[in-house]
Amino acid sequence: MGDHAVEALLRVGDSCLVLAQRLTAWCGHAPALEEDIALANVALDILGQARGLLTRAGELEGAGRDEDAIAYLRDAPDYRNLLLVEQPNGDYGHTMLRQFLFDAWAVELWPALAGSSDAVVAGIAGKAAKEAAYHVRHSASWVVRLGDGTEESHARMLGALDMLWPYAGEAFLDDEVDVAAAESGLMPLPSSLQPAYRKRVESVLSEATLPVPPDPWWQRGGRQGNHSEHLTYLLAEMQVVHRAHPGATW
Amino acid sequence: MSRTVGTVVTEVELGWELLAQVPDPELPTVSVVDLGIARDVRYTEGKLVVTITPTYSGCPAMREIEHDVHARLSERFDHVEVRTVLSPPWTTDWITEDGRRKLAGSGIAPPGARMLPLLVQGRPEACPHCGSAAVEELAGFGSTACKALWRCTSCREPFDYVKAH
Numbered sequence: 001m002g003d004h005a006v007e008a009l010l011r012v013g014d015s016c017l018v019l020a021q022r023l024t025a026w027c028g029h030a031p032a033l034e035e036d037i038a039l040a041n042v043a044l045d046i047l048g049q050a051r052g053l054l055t056r057a058g059e060l061e062g063a064g065r066d067e068d069a070i071a072y073l074r075d076a077p078d079y080r081n082l083l084l085v086e087q088p089n090g091d092y093g094h095t096m097l098r099q100f101l102f103d104a105w106a107v108e109l110w111p112a113l114a115g116s117s118d119a120v121v122a123g124i125a126g127k128a129a130k131e132a133a134y135h136v137r138h139s140a141s142w143v144v145r146l147g148d149g150t151e152e153s154h155a156r157m158l159g160a161l162d163m164l165w166p167y168a169g170e171a172f173l174d175d176e177v178d179v180a181a182a183e184s185g186l187m188p189l190p191s192s193l194q195p196a197y198r199k200r201v202e203s204v205l206s207e208a209t210l211p212v213p214p215d216p217w218w219q220r221g222g223r224q225g226n227h228s229e230h231l232t233y234l235l236a237e238m239q240v241v242h243r244a245h246p247g248a249t250w
Numbered sequence: 001m002s003r004t005v006g007t008v009v010t011e012v013e014l015g016w017e018l019l020a021q022v023p024d025p026e027l028p029t030v031s032v033v034d035l036g037i038a039r040d041v042r043y044t045e046g047k048l049v050v051t052i053t054p055t056y057s058g059c060p061a062m063r064e065i066e067h068d069v070h071a072r073l074s075e076r077f078d079h080v081e082v083r084t085v086l087s088p089p090w091t092t093d094w095i096t097e098d099g100r101r102k103l104a105g106s107g108i109a110p111p112g113a114r115m116l117p118l119l120v121q122g123r124p125e126a127c128p129h130c131g132s133a134a135v136e137e138l139a140g141f142g143s144t145a146c147k148a149l150w151r152c153t154s155c156r157e158p159f160d161y162v163k164a165h
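Residue numbers (this note's numbering), protein chains in the order written: chain A, 1 to 250; chain B, 1 to 165.
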């Protein structure tokens, strides 16, 4: 395993971590108690997945960094998450569409990763696959309910789709890190997941009476460390306590 | 070490017996053995090695379970190691018959059959309060990662349901 393995694991692990942080911001603010609880549960699962992958990335890196060092002591340019997950929460429909666009990817990724040549990664993925299947059921149902809802909710979902769609393609753009990770058997090639993803997304959008937008120029760069300004604010909030009190325990 | 109470009990048997006395922190009517969280007990070179596995990736009770297991076993063994493994992934199929009865007895519907290949939550066989099969989902996510909220349309009572997973 070389550097490509660490990079490839961070791309997935960071995406989970950043999305979990975004979701926890809804805690106490969701439009209904059931949804508040749902998002907290989803965030916990995704955070657990992130912890596993970040820990494994640290082990393979061999520089003595644990999950906390990797999560709390890196700045934005060192993060490898998808741009999609760092996008602000917006309204509940916006959050649910972002979640669906993520879940639809995760539900294809994890079963493929469960066959990873790295037994630890395969173990994490085997658990995550079952969780993702449950998450996508929830987020897809909200996309349908709001898209095919009232005039107001439909208009809001159209707006959310307009904002988020350009970020829905980054996960499938292969680069040299992905090719190396795929050749070593660590991970599936990102582009290999796209046909199943598209099929699911198109089917759910259609049921939600939302148009499938044409392919734009996919926004990209998050997986190489080039982020939008949103990530720096998110990290500042997530990391402040750890950095203000290094090594604190309770 | 070994213990003699009528019959000789091996270290491994004693280990399982003690584990059966460790309640799950979030479902205290069942033990970590009932839930299938405790996977393996071995005794080698004077050390008891216990393997546990989390229900869900983000289960916040995992550290507490590890602590509780270690504390309980340390009452009888000088050297105890608790290992956590992820593979094979936990499934509600590992909840024992005894565990299912205890859950139902405390008003929590045990998991129904898993619906492969979709791996959705399945459905409760009956309301744990009145036994009616007329039940419906209220919310897919409940008070812990492993539960959903359902209600009975016969007795009108809501209840927790351990999702088939």
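Hints listed in this document are in silico derivations from the structure and should not be mistaken for laboratory results. Just to be clear, a hint being listed does not mean it is correct.
Only part of the chain B face toward chain A is listed, based on derived beta-carbon distances under 10 Å [unchecked claim]:
#	residue
1	M62
2	F141
3	S143
Ideal Cβ positions, reconstructed from N, Cα and C, are used throughout, including at glycine.
Cross-check of the supplied hints:
Among the interface hints, the one on M62/B holds; its C-beta lies about 9 Å from the nearest C-beta in chain A, closer than the 10 Å criterion. Nearest Cβ of chain A to the Cβ of F141/B: about 4 Å, under the 10 Å cut. The hint holds. Interface restraint check: S143/B against chain A, minimum CB-CB distance 7 Å, threshold 10 Å, status holds.
Taken one by one, the earlier hints all hold for this structure without exception.
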